[in-house]
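J.: These protein sequence lines map, in sequence, to chains Z and C. In this text, residue positions in the first sequence follow numbering that gives the first Met the number 0: the first is 0, and each later residue adds one. In this text, residue positions in the second sequence follow numbering that gives the first Met the number 0: the first is 0, and each later residue adds one.
Please note that the accuracy of each hint is not assured.
Across the chosen pairs, the derived CB separations fall in these ranges [unchecked claim]:
{"hint": "1", "chain 1": "C", "residue 1": "P816", "chain 2": "Z", "residue 2": "Q164", "range": "48 to 58 Å"}
{"hint": "2", "chain 1": "C", "residue 1": "K705", "chain 2": "Z", "residue 2": "R97", "range": "19 to 29 Å"}
{"hint": "3", "chain 1": "C", "residue 1": "E726", "chain 2": "Z", "residue 2": "E101", "range": "45 to 55 Å"}
{"hint": "4", "chain 1": "C", "residue 1": "D623", "chain 2": "Z", "residue 2": "E137", "range": "24 to 34 Å"}
{"hint": "5", "chain 1": "Z", "residue 1": "T45", "chain 2": "C", "residue 2": "D776", "range": "28 to 38 Å"}
{"hint": "6", "chain 1": "Z", "residue 1": "E101", "chain 2": "C", "residue 2": "Q725", "range": "39 to 49 Å"}
{"hint": "7", "chain 1": "C", "residue 1": "R723", "chain 2": "Z", "residue 2": "P35", "range": "27 to 37 Å"}
{"hint": "8", "chain 1": "Z", "residue 1": "K163", "chain 2": "C", "residue 2": "K705", "range": "35 to 45 Å"}
{"hint": "9", "chain 1": "Z", "residue 1": "P166", "chain 2": "C", "residue 2": "R944", "range": "34 to 44 Å"}
{"hint": "10", "chain 1": "Z", "residue 1": "L121", "chain 2": "C", "residue 2": "R723", "range": "56 to 66 Å"}
{"hint": "11", "chain 1": "C", "residue 1": "L738", "chain 2": "Z", "residue 2": "S138", "range": "34 to 44 Å"}
{"hint": "12", "chain 1": "Z", "residue 1": "G14", "chain 2": "C", "residue 2": "L738", "range": "43 to 53 Å"}
{"hint": "13", "chain 1": "Z", "residue 1": "E126", "chain 2": "C", "residue 2": "R780", "range": "57 to 67 Å"}
{"hint": "14", "chain 1": "Z", "residue 1": "I139", "chain 2": "C", "residue 2": "R611", "range": "28 to 38 Å"}
Over the 10 Å line for every Cβ pair with chain C, so calculated as not near, a few chain Z residues [stated by the list, open to error]:
{"hint": "15", "residue": "V21"}
{"hint": "16", "residue": "S40"}
{"hint": "17", "residue": "T60"}
{"hint": "18", "residue": "A61"}
{"hint": "19", "residue": "R65"}
{"hint": "20", "residue": "K103"}
{"hint": "21", "residue": "E137"}
{"hint": "22", "residue": "V152"}
{"hint": "23", "residue": "L168"}
Okay, the calculated bits of chain C under chain Z, using three or more residues with CB under 8 Å as the criterion [to be verified]:
{"hint": "24", "stretch": "159-173"}
{"hint": "25", "stretch": "704-717"}
{"hint": "26", "stretch": "829-841"}
Since the hints were derived computationally from the structure, they do not count as laboratory data. Model, not experiment: these values are computed from the prediction. For each residue, glycine too, the CB sits at the ideal point set by N, CA and C.
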Amino acid sequence: MAIRELKVCLLGDTGVGKSSIVCRFVQDHFDHNISPTIGASFLTKTVPSGNELHKFLIWDTAGQERFHSLAPMYYRGSAAAVIVYDITKLDSFQTLKRWVKELKEHGPEDIVVAIAGNKNDLGDIREVPMKEAKEFAESIAAIFIETSARNAVNVEELFQKISKQIPPLENHEDEISESFKLSRQPAVSTRRCC
Amino acid sequence: MASSSPPGNPPSGLTDRSGSFFKLIDTFASEIGELKREMVQTPLTFDKEPMDLQGLEAEVCGVYLQSPSCAGLGGERDSGYDSLRRRMSVLERLTQTHPVWLLLAVSEEEATRILLTQPPGVFLVRKSAALQRKILSVRLKEDQSGTPISHLPVRESQYTFSLEESGISFADLFRLVAFYCISRDVLPFTLKLPEAIASAKTQKELEEAAQLGAGFWDSALCSQRRTFPRACRPLSRTLSPQRSNRNREGEESGAHCDSAPPTLRSCASPPSFRLERRHSSGPLCFVTPLFLQTHRRPLRCEDDPPTHAVRSDEDLENEGKSLKLSSSPGIEQHADKVKLNSKSRTPPPRPPPPRSMPRRRPAPPPPGPPAATTRPKSMPVAVTVSPRQQPTSTKRQAPARPSMGGKQGSPSKTASPPILVPSNPPPPRPKKPDLESHRCHIALDDETIAKALSRAKLPPCQPTATDALLEGNAGSPSTPKERGRQRLSDMSMSTSSSDSLEYSHSPGFSLGLAPSPSRHLNHQNTVEDSSDDDDDVDEDDEDYGVSLETDLEMRHRPSFKARRRRVGVSLGGGPFILPRALKGRFRKVSGMLSSLMTPERRAVKRIAEMSRDKSSYFGSLVQDYISFVQENRGCHTSGTDFLQTLRQFMTQMKAYLRQSSELDPPLESLIPEDQIDQVLEKAMHKCVLKPLKSVIEVALHDFQVKSGALQQLKENLALAKAKRPQELGVDGAVPPDPLAIEKIRHKFLNMRKMYSPEKKVSLVLRVCKLIYTIMQDNSGRMYGADDFLPMLTYVVAQCDMPQLDTEIQYMMELLDPSLLQGEGGYYLTSAYGAMALIKNFQEEQAARVLSSEARNTLHQWHRRRTTPRSAPTVDDFQNYLRVALQEVDTGCTAKTLMVQPYTTTEEVCSLCAYKFKIPDPDAYALFLVIEGTRQQLAPDTHPQRIKAELHGRPCAHTFHFVYRRIPNLNLFIPAIMDNGNCIQVE
Numbered sequence: 000m001a002i003r004e005l006k007v008c009l010l011g012d013t014g015v016g017k018s019s020i021v022c023r024f025v026q027d028h029f030d031h032n033i034s035p036t037i038g039a040s041f042l043t044k045t046v047p048s049g050n051e052l053h054k055f056l057i058w059d060t061a062g063q064e065r066f067h068s069l070a071p072m073y074y075r076g077s078a079a080a081v082i083v084y085d086i087t088k089l090d091s092f093q094t095l096k097r098w099v100k101e102l103k104e105h106g107p108e109d110i111v112v113a114i115a116g117n118k119n120d121l122g123d124i125r126e127v128p129m130k131e132a133k134e135f136a137e138s139i140a141a142i143f144i145e146t147s148a149r150n151a152v153n154v155e156e157l158f159q160k161i162s163k164q165i166p167p168l169e170n171h172e173d174e175i176s177e178s179f180k181l182s183r184q185p186a187v188s189t190r191r192c193c
Numbered sequence: 000m001a002s003s004s005p006p007g008n009p010p011s012g013l014t015d016r017s018g019s020f021f022k023l024i025d026t027f028a029s030e031i032g033e034l035k036r037e038m039v040q041t042p043l044t045f046d047k048e049p050m051d052l053q054g055l056e057a058e059v060c061g062v063y064l065q066s067p068s069c070a071g072l073g074g075e076r077d078s079g080y081d082s083l084r085r086r087m088s089v090l091e092r093l094t095q096t097h098p099v100w101l102l103l104a105v106s107e108e109e110a111t112r113i114l115l116t117q118p119p120g121v122f123l124v125r126k127s128a129a130l131q132r133k134i135l136s137v138r139l140k141e142d143q144s145g146t147p148i149s150h151l152p153v154r155e156s157q158y159t160f161s162l163e164e165s166g167i168s169f170a171d172l173f174r175l176v177a178f179y180c181i182s183r184d185v186l187p188f189t190l191k192l193p194e195a196i197a198s199a200k201t202q203k204e205l206e207e208a209a210q211l212g213a214g215f216w217d218s219a220l221c222s223q224r225r226t227f228p229r230a231c232r233p234l235s236r237t238l239s240p241q242r243s244n245r246n247r248e249g250e251e252s253g254a255h256c257d258s259a260p261p262t263l264r265s266c267a268s269p270p271s272f273r274l275e276r277r278h279s280s281g282p283l284c285f286v287t288p289l290f291l292q293t294h295r296r297p298l299r300c301e302d303d304p305p306t307h308a309v310r311s312d313e314d315l316e317n318e319g320k321s322l323k324l325s326s327s328p329g330i331e332q333h334a335d336k337v338k339l340n341s342k343s344r345t346p347p348p349r350p351p352p353p354r355s356m357p358r359r360r361p362a363p364p365p366p367g368p369p370a371a372t373t374r375p376k377s378m379p380v381a382v383t384v385s386p387r388q389q390p391t392s393t394k395r396q397a398p399a400r401p402s403m404g405g406k407q408g409s410p411s412k413t414a415s416p417p418i419l420v421p422s423n424p425p426p427p428r429p430k431k432p433d434l435e436s437h438r439c440h441i442a443l444d445d446e447t448i449a450k451a452l453s454r455a456k457l458p459p460c461q462p463t464a465t466d467a468l469l470e471g472n473a474g475s476p477s478t479p480k481e482r483g484r485q486r487l488s489d490m491s492m493s494t495s496s497s498d499s500l501e502y503s504h505s506p507g508f509s510l511g512l513a514p515s516p517s518r519h520l521n522h523q524n525t526v527e528d529s530s531d532d533d534d535d536v537d538e539d540d541e542d543y544g545v546s547l548e549t550d551l552e553m554r555h556r557p558s559f560k561a562r563r564r565r566v567g568v569s570l571g572g573g574p575f576i577l578p579r580a581l582k583g584r585f586r587k588v589s590g591m592l593s594s595l596m597t598p599e600r601r602a603v604k605r606i607a608e609m610s611r612d613k614s615s616y617f618g619s620l621v622q623d624y625i626s627f628v629q630e631n632r633g634c635h636t637s638g639t640d641f642l643q644t645l646r647q648f649m650t651q652m653k654a655y656l657r658q659s660s661e662l663d664p665p666l667e668s669l670i671p672e673d674q675i676d677q678v679l680e681k682a683m684h685k686c687v688l689k690p691l692k693s694v695i696e697v698a699l700h701d702f703q704v705k706s707g708a709l710q711q712l713k714e715n716l717a718l719a720k721a722k723r724p725q726e727l728g729v730d731g732a733v734p735p736d737p738l739a740i741e742k743i744r745h746k747f748l749n750m751r752k753m754y755s756p757e758k759k760v761s762l763v764l765r766v767c768k769l770i771y772t773i774m775q776d777n778s779g780r781m782y783g784a785d786d787f788l789p790m791l792t793y794v795v796a797q798c799d800m801p802q803l804d805t806e807i808q809y810m811m812e813l814l815d816p817s818l819l820q821g822e823g824g825y826y827l828t829s830a831y832g833a834m835a836l837i838k839n840f841q842e843e844q845a846a847r848v849l850s851s852e853a854r855n856t857l858h859q860w861h862r863r864r865t866t867p868r869s870a871p872t873v874d875d876f877q878n879y880l881r882v883a884l885q886e887v888d889t890g891c892t893a894k895t896l897m898v899q900p901y902t903t904t905e906e907v908c909s910l911c912a913y914k915f916k917i918p919d920p921d922a923y924a925l926f927l928v929i930e931g932t933r934q935q936l937a938p939d940t941h942p943q944r945i946k947a948e949l950h951g952r953p954c955a956h957t958f959h960f961v962y963r964r965i966p967n968l969n970l971f972i973p974a975i976m977d978n979g980n981c982i983q984v985e
């Protein structure tokens, strides 16, 4: 199976649990064969998807306002963006909306956007109604899911959903036929003309 | 697997190997140990029991394609050098004649056409465009399964080539084919070289065949030979991986080889022809023709001159084998029993990389019996255990592979015709020789070399000291014999640990840092380390005398440093002077290292050599560009602009190398497809960035000064440095103390010394890792970017290194784009971000946002660097023109030529005549072929302008420049060739 590397960036306010979600995702079923990354800001995980393997290269971003301006460097070239908010903090949902806007304006055109309402285990102090978030997500055709990194709820599912939305690679037969056939000539050619 | 380490391996050596990395090394070492045991069947000392060795000796004989004519004529057999010369190895024949059988462009139909007229077993290798894989096409026997031709896909893993259905892997395509010429494994029968090649007696004959290229198959040479089938032994092609066979063989021919000393024979030592049927269906074992390379009879020089006819024949074969299987092309090599101790070198074999291997080991073991599956697939490793004199080979430049190998630069060439230990050995045989026996062999080897080389200064006993040192306070009073066993593990230990420990100058952190983090970057590290080795070798290569020692010291300094740190107690920390004995030991170690040189390294080396050779087209391009940059660096508007042109040049050159035919044999036959880009990238760093490093540094600095950016940076850096961690956004995590900052500074300073962007990035990763380690402070908490980025900003500010800015710029612009998405790219981006925040610190303090200007820069950078790479082909570039040579009989051949916009057609024609080696250029002209129509270009037109115009047209037609015979000369051109169609035919 072909391994396809997919850059995924994580956006969201500081403290909403961006890295917790990813750590949970990566560390459950931890595969010892894969060389670990040096830290939790950049993590990778490979999951099967259809007849491909998707290797997620997960780029975490710093959520503080002062680092906001660096975000384009992180989300450029991403196949998907996971925007995380904290269901117990309305502010974080507002920030999320700003991220969505920014991605629409400056992000990659075909980026898959996933909205994750984290801390779903703290339902009793919820500030963001699920319905509102879900409707917002639908309005922008984004994936929506509520997760709990602490209890490992829906983390796996979040990435499965992303995997499904990644368009399969176009057949690379096309590339081949496009290339100038002569370029396939082997090096032996020099010897032919004596 | 460490548990499987043989009893002789002292446990004490393992005590401090905490990381899994070391476990892997142990594994490696223990595997080698097992192999050694398995391979050595000879008991104890050879002088006591010489008979057992004879078998081994005799095995070496089989790999020769004996000239059939001489097979029946005993009288010719011992006719001295002449008959030796004739006995070129299969591998050598294959390597020399690859233009004949390595026809990557040939279609399945064409392959079928060619092979149908050939006898069963004849083959060629092509590349399937649909599968994007290489295919081994073999002529079958008429009665087999209906299809006359079998097409077997070649599997290319990270380091190896193998047939789809087989578990046996090879370092390159030549070795794969050579193996199947000798042993059938998954094939119905062994491959067969075309008669003309198999029976060629001289290099010249091979060259003649090679010159014909694909035309060989239709040539008189091919068909003429076919009409004289040599019934006796067209190929003596048995290479038995199986011990039992070899034993038998040994018994049979043992009587002839009395004086053969014991050696560690490779398991692949070929018994002769008659065994082939037996082993071919045997269990899989990991055999590579690597093993065929380097068997030498250690005491060759002391042998009595052969008197018995048969015996001498075998002797010759033995010699020839060690020479020729190493695919060395030199004819002169056989000359030399006489020049025993001159500068004979043995080709180090070329197995996959040991250092990166443990980390990059592919998870799935090859299918096969347990023996194979327990070992990593990426280990068709042959390890040079011990040097031995090889009297017959002299002046060989390209040991393992004639054109790619170039200067291997192994000091061991002088001293060590290596014994090979396959790391992926055949299944264990019932007869297991005890460890003692092969320890003896090693000791013997030492002695032999010492004698043969007249290097009395390296008596075999001295290495003891080395071992003791290397073992550190391992505390095991090892007897000399045990040491034979230990040495291997030491070697792999010290080698492997070097790149992980080399940069971590603080013992406190070294362990944590030992395994480098990213796969990509690991690879880069490893290879660059190696390439630095190469450099030493490059310089010292030609001189096999005194410089050896220096060379070795240089090569092993890092590993030694690492070692010393670990064994500090025993060394006492005083100034360490490498004793002579130790050098001797290191020479061996280094022999091993060089024998472990990867195909990648060889390829990089080869390309680097070519880049310095102005007589090659590639070399002239690179050298011209380098001098251009040196003289004209002022013509750029900014550092970024400057770096971009460098990057662009490297990308173009990579594209050129991929398409050009200058690399011979083609890169594709040596490096698995998915590795080629990395190899080329590495080569570009070496060819371009290395010589230009200081120029680039100065230029970047000048731009920085001129634009005032440096001043601004310094001011802001001073401001930022005064801030506490909390003021930079650090919240909760432990910041590094001044001591740690100093360490980080040190790493950054080291980073400045490197030219490879990959290697620089790997140091960035080390720094980041260190920061993480400090942040976590044993809490086990995982810190994400919310915590890490502020901390990184704080660290960068504390380091107070304005030069870091240009370093980051250098990496950002020059790093291979394919690495930008990975871990290296992530942390490089973070470092860039941290630096950007610091650069704009004042503004940020004022407005709390980055200036719009800085933001735009980031946007631009990312747009530029991450837009989908529509891999440009080299002929898209302005100064290149791709021209096809269309020949009546051989079809099309294309070359990319350097053609300036104002170069006239006439000039292009003469360039073509030169490049295509056209004997009668007046009969040729340049044609423009558009959509099937062909038009001869007038001598005073400008092909580049025509190309530009065609590119500029709204509806793009495909067009080609074709250099071909002018049809209406009194030459007959078949009509079918006249319409330009054949260009489209692959």
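J.: Indicate, hint by hint, whether the structure satisfies it.
T.: Going through the hints against the structure:
Taking the beta carbon of each, C:P816 and Z:Q164 are about 25 Å apart, not inside 48 to 58 Å as hinted. At about 39 Å, the CB distance of C:K705 to Z:R97 disagrees with the hint of 19 to 29 Å. Between C:E726 and Z:E101 the beta carbons are some 27 Å apart, a value that contradicts the proposed interval 45 to 55 Å. Checked against the hint of 24 to 34 Å, the pair C:D623 and Z:E137 fails, with Cβ atoms roughly 60 Å apart.
For Z:T45 and C:D776, the hinted distance range of 28 to 38 Å is satisfied, since their beta carbons lie about 30 Å from each other. One distance hint, 39 to 49 Å for the beta-carbon pair Z:E101 and C:Q725, is violated here, with the actual separation near 28 Å. Range check, C:R723 to Z:P35: Cβ separation about 32 Å, and the 27 to 37 Å hint holds. Range check, Z:K163 to C:K705: about 52 Å between beta-carbon atoms, so the 35 to 45 Å window is missed.
Roughly 41 Å separates the CB atoms of Z:P166 and C:R944, a value that falls within the hinted 34 to 44 Å. Remark: the range hint 56 to 66 Å for Z:L121 to C:R723 is contradicted by a beta-carbon distance near 33 Å. Taken as a hint, the range 34 to 44 Å is violated for the pair C:L738 and Z:S138, whose Cβ atoms sit roughly 54 Å apart. The hinted window of 43 to 53 Å between Z:G14 and C:L738 is violated, with their beta carbons roughly 31 Å apart.
At roughly 26 Å, the beta carbons of Z:E126 and C:R780 sit outside the given window of 57 to 67 Å. Distance hint check: the CB atoms of Z:I139 and C:R611 are about 57 Å apart, inconsistent with the given range 28 to 38 Å. Remark: the non-interface label on Z:V21 conflicts with the geometry, its nearest Cβ contact in chain C lying 7 Å away (cut-off 10 Å). Against chain C, the non-interface label of Z:S40 is violated: not every CB pair exceeds 10 Å, the least being about 4 Å.
The claim that Z:T60 is not at the interface with chain C is violated, since a C-beta of that chain comes within 10 Å of its own (minimum 5 Å). With a closest Cβ-Cβ approach of about 4 Å to chain C, Z:A61 is found to fall inside the 10 Å limit, against its non-interface label. Z:R65, annotated as away from the interface, has a beta carbon of chain C within 10 Å; the closest lies near 6 Å. Separation of Z:K103 from chain C is adequate, the least Cβ-Cβ distance of about 15 Å exceeding the 10 Å criterion.
The non-interface label for Z:E137 is consistent with chain C: the shortest C-beta to C-beta separation is roughly 28 Å, beyond 10 Å. Once the 10 Å rule is applied to beta carbons, Z:V152 is consistent with being away from chain C; the minimum gap is 19 Å. Every Cβ of chain C is farther than 10 Å from the Cβ of Z:L168; the closest lies at roughly 13 Å, confirming the non-interface assignment. Three residues within the 8 Å Cβ limit are the bar, and the stretch 159-173 of chain C against chain Z gives 0, so the coverage statement is violated.
Figure legend: the stretch 704-717 of chain C, annotated as covered by chain Z; annotation inconsistent (0 residues with Cβ-Cβ distances under 8 Å, at least 3 required). Counting residues of the stretch 829-841 of chain C whose C-beta lies closer than 8 Å to any C-beta of chain Z gives 5; at least three are required, and the coverage claim holds.
Hints 1, 2, 3, 4, 6, 8, 10, 11, 12, 13, 14, 15, 16, 17, 18, 19, 24 and 25 from the earlier list are contradicted by this structure; the remaining hints agree with it.
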